[in-house]
Structure formats: C-alpha cells, structure tokens
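**Student:** Respectively, the protein sequence lines represent chains A and B.
Here the first sequence stands for residues 1 to 345, where the numbers follow the UniProt record's numbering.
Here the second sequence stands for residues 1 to 345, where the numbers follow the UniProt record's numbering.
Since the hints were made in silico from the structure, they are not lab data.
Glycine included, each C-beta is placed from N, C-alpha and C at the ideal position.
Among the hints, erroneous ones may be present.
Here are the computed distance ranges between Cβ atoms for each label pair [stated by the list, open to error]:
| # | chain 1 | residue 1 | chain 2 | residue 2 | range |
| --- | --- | --- | --- | --- | --- |
| 1 | B | G247 | A | S320 | 37 to 43 Å |
| 2 | A | K226 | B | P9 | 35 to 41 Å |
| 3 | A | P9 | B | E193 | 46 to 52 Å |
If you want the building blocks of each chain, they are given just below.
There are 2 protein chains.
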Amino acid sequence: MRATLYGGPGDITVGERPDPRIENPTDAVVRVTLGCVCGSDLWYYRGVNPHALGPIGHEFIGVVEQVGADVTTVWPGDLVVAPFTFCDGTCANCVAGWTGNCVNGGSFGNHGIDGGQGEFVRVPYADATLVTVPGGGHSDAIMKSLLALSDVMCTGHHAASSAGVKPGDTVAVVGDGAVGLCAIIAAKRLGAERILALSRNPIRQTLAREFGATDIIAERGDEATKLVLDLTGGTGVDAALECVGTGQSMATAFGIARVGSVVGAVGVPHDSVVPIQTVIFRNVGLRGGVAPARRYIPELLGDVLAERINPGLVFDYETSLDDIDDAYTAMLDRRATKALVRISA
Amino acid sequence: MRATLYGGPGDITVGERPDPRIENPTDAVVRVTLGCVCGSDLWYYRGVNPHALGPIGHEFIGVVEQVGADVTTVWPGDLVVAPFTFCDGTCANCVAGWTGNCVNGGSFGNHGIDGGQGEFVRVPYADATLVTVPGGGHSDAIMKSLLALSDVMCTGHHAASSAGVKPGDTVAVVGDGAVGLCAIIAAKRLGAERILALSRNPIRQTLAREFGATDIIAERGDEATKLVLDLTGGTGVDAALECVGTGQSMATAFGIARVGSVVGAVGVPHDSVVPIQTVIFRNVGLRGGVAPARRYIPELLGDVLAERINPGLVFDYETSLDDIDDAYTAMLDRRATKALVRISA
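Chain A with its partners taken away, still in its complex shape (with noise of 0.2 Å):
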C-alpha cells in the first residue's frame, strides 16, 4: 500500500508500505477513506518534538476491509470513525472511561502502528477502538465532520468538558486553530451562552462567529486578560478553554479564569507553566489533556448526522495523497487551518 512516511524533520514522503493484515483475533484492518493532519503533527515536523520515524497520521475514517475472528461489533462494508487512540476497553483507565490513557492502547501513526495517512490501517482491539457510523450516502460535509470526530471536535470537547461549562456560562477560548474552534462548538453546544473566541485571523474569526462565538478577542498576552476581564465586570470567565499549550496562552487561560473555575487544557505543553499562586490563591484548577475520544464520538456522532454541529468546516484545505507534503506546508505556512487528505473514495 501506500502510506506517508515521516523520515525527520521537514521530510514527509509518500511511500510503499506492507499491506496491513489480521496479525490478532481483536485486530480489523480498515481502508482510509479520509485523513487529515493534525496542529500536533507540525512539531514533529518542525523538528521541535521528536516522534518515531515511519507511518504517520492519526485522525481518519474508513471503511472495514476485514475482521479478526473475536471481532464482533465492527463488520466488512462499515463505515467507521477512528479515534486517535486505540484501546482495548477493558483495563482499568479504560473501564474508567479514559480511552486516549488505555494502558495496552497507543497512538496511530506512531511506533510502527499503521497511520491514518496511509491507504489501510490495522486496528488494535477493533471492538473497543473504532465507532461504527450509522446509515449510508452521507454528504461530504457530514464525512469531514465524522473525520474531525477522530480528534479535534473530542479534544475540543474535553476542553469544554473538563472545564465543566454549562447552560448560562460566559466561555473564553485561547486559540483559534482547529481545536479551539471546535472547542467554540463544544462550548455553544453544553449551553454556553456567551464564548469569547481569541482569534487574530480573519478567516478564523469568521468561523469561530458561524460556530458561536458572541465575541472576538483579537487582542494578546496581558492586553487580551485585561480586555476579558473589562468585558466580563472584573470577575473573569466562567471557563477558560486553553486550546494552544504556550506558556502565554496557559498565562492568559489562568489570568481570565474566575475564582473557582477550572482552566480546561487541551494543548499539547510547550514551554507551559502552571501557575500555582493562581490555583491556590484563585483556586482557578486545571483539568484536560488527551481526550478520551472513544467514549465522547457516540454522544458527538448524533450531533453530526443530524447536522447540529458541523466541525467537518475546519478543513478550509484539501489534498490528495501523493500531493500530502503540501497539506503539511500550508498548515505551516498558515495558509490552511486544517488540510483534509483524500485517500479513496
């Protein structure tokens, strides 16, 4: 098969690969039909984080080509949406419903694991892993949603989760990539009633607004604090959304969180620091991290079949396969929010 292939910083190359195959009896072997890159993909290809050389991509969706012999909910023909983690669901932090923290689970494209931006994927724990769709003949715009349910719609999510927003609440979200922006949908969605996007990006502002943002922030650093905190009568927001991992917007997150809030992080770290005066004078707290994407797809899946949310808008950029080195460079290059790659139909 063919499959993106990261050989260091700066070079992704499109590649022959073994066809995946049944290795256990849990294992489903699916065809990508969509894949996408992901914010996080950049720091290894920047060369600021490392990652295992080989098979990347971890967002897709696909049809099931095969199943092992103890697979039993996931058939050939299905239409699925895999979560960026695969797991066994039967450990202790899956049973807890931690799903992305599985101790037997593990990162697609990463490790010698198949990766979503290749042409066939071998699942580990098919059953536990992927999420089988409903119903067939959906629209384009409803399969990009499904492929934004791999990852950024349930990291945005955990972010508006684990900050606990609620109906009523005023939600500010730091960072307008493409998780933020599902973070602006996650929050409008548990009740939000009025969510400050920090966006300088025109083209991001725009659809920060059509997925519900009530107002755009487009200052930064102790400016952007200082103007939340004017807007909002001194007392901060009810849930601060912190959707970059920099220790500035960890800074503005924790300056803009009021007393007794808690800062949902959903940023992968760099360079972040917790504030601890603020959690213990403030008792601002923290919670987030890698979303549980499993356990959040089948209460989003119903959202988007029916249209409610529409995350599949942040791909505002398209290639093929063999042209994925451009999708990387026009994510780096800011000319794309998020590249969606057509694998096959």
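Keeping the supplied structure of chain A fixed, place chain B upon it in accordance with the hints.
**Tutor:** Only chain B this time, still in chain A's reference frame:
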C-alpha cells in the same frame, strides 16, 4: 486589650492594642475564647514569607460582645466560629460560594485587621462571616473541634472535596500536619474506603489511624510513589490530597494519582511546580486552594456537635495567651502538631 503581635521573623510578643469597637454597622466585636497557631503562621515566623507587622492569628472561636446596627443574625452572647477569612456574602465570588476569595474580604490577623491570637476581634460583615453554634455547655473536646472548623478542618475538607472524593474511593493524603490529618477525617466522612496516610511521625501516624487511615506510608519521594502504586495494582489512587505545598509533595501527589483523577491541593505553595506533562498526558487535574470555610462550616458543624468527627484532636499542645511564644516554638521544634491558645473562659 492584650494581643499577640508580630514584630518580624522570630519576634512574637503579647502587648496592648486598642480595644476593638464597632466601626461599621455590619461589624461585630467578638471576645475570643480559643485561638491557635497555624502551620502557615510558621512561614513568616521563620522569615520565609512576608507578613504585615502587628496583630496576628486567623483562627478563633468566641462569644459575640457587641453588634452593629445592621447585624441581624448574630447576637451578643452567641458562641460563634470565625472562618479564617471574613467575607461580605454579596460579591460575585461569595455568591458563587467562594467565600475565601471575597473581593471585599481578607484574612484575620493581617493588614491591621485584629487577629485571633488576641482578646477581642472586630469582625467585618458579621452576618456573612460568623457562624453561630447552636446549644450551649459544649464539652472542651467539642470546643476544640469547633476551633478546628475555623481553618484546618475546612481546609482538609477542601482538599477532599476538590479532589472529588466519593464513596468507595482509595485516597492518599500527602502531609501529616493538622491539615493533612483533617483531610483524612474529610476523606472518611465522604465515604473513602481506603485511606493511605503518608506520615513518618509515630504520634501523627496514631492520630491518622484514629481518624480513619487504613495504611501508613512512612516512605518519601520516589519510594512513597512506588509503594502507593504497588498497593493500588499500578493504577494509582482515586484521589491524592496535597496538604504540604512543597515541590516534593506536589510531585508525589501527581505521581500516585490515577489517570483521570484530580489532585486536591491546599498546601500553601513553596517551590511547588505542577507537572504539566502529567496533567496533559495522564489527565490528572488539579483543584484546591484557599478553603471557602464560611461555606463549609455549616455542613461540618452538625458532625462536630454530634462528635461524629473530632478534628479538635489535632491540638496536642496548649498555652495561655501570655505564653503564646512557646506555642510557636513547640510547633517549630515539632514538639506539637498544632498548638491551642486559651484566651478567655
């Protein structure tokens, strides 16, 4: 009146202060019966933290002497518990239940506000701040437990509550000071089934067991982490309560917290760093801080009066007001867990 005065590191004296009087119609003047020394008092006594010079002590119970014209719920002669912070009860933080973060509030015994280590205290916002104790003729043991409600019992409860302790949980308490010991009481009260107390002091180990600890962990640092993980099948505890505030105690709490759990932290931070990688990659959250004691006292009061909980047992040393310097040195020398100061009958 006579009151304890802070004159700088190591300088605790008892001297004369003007008798407090009603300054605002919402004030009450309370005659202090019992006060005590807090672990946090030692930080400035040792010269580690700054503190305003003058009257000190933020924990006390006493009898109302006088009330201002607008005070309606507290009457002269009432026995009252004072939370360690006063609050107006009407600001956005108070309305949301965060009485320890009142925007018009503050701590007793700081910035010129009378301290609980003196004969009388002017209490601002008496209706919102003070909690009246029903009944009379309470035993000395109950009076000590009422005093514990002023801070340590509420702070221990805040650790457990912030961590979301629920029936059946396995809980670890990091820190065997008075707050850590009260956190054990709180965890048991909230239904924890197994309580691991990290303590190497034999006297405190005994009290920890009396309060409900099922296991004593005398190890520290990496050895403690390893042992707790071994005792929990490698999973970690459902709730880790951080009651110290140092880098090591924070690292231990995060090291033993299971995936998806929340560290309840109430230690005043000194060199503590939040391990952001554990937050994000293990979904271990952090909540806690200055306890909203005024909110908690009413719910804990009944259990104290019925002697279902006996937090007053943390007081294992006693002095008069004139000898209060001995209370400080006894705690500093670790001859006392927590020293009570008898101020008036």
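**Student:** Now tell me if each hint is right for this structure.
**Tutor:** Verification of the supplied hints:
1. For B:G247 paired with A:S320, a C-beta distance near 51 Å fails the hint of 37 to 43 Å.
2. For the hinted restraint 35 to 41 Å between A:K226 and B:P9, the CB-CB distance of approximately 37 Å keeps it satisfied.
3. Hint check: A:P9 to B:E193, Cβ distance near 50 Å, so the stated range 46 to 52 Å holds.
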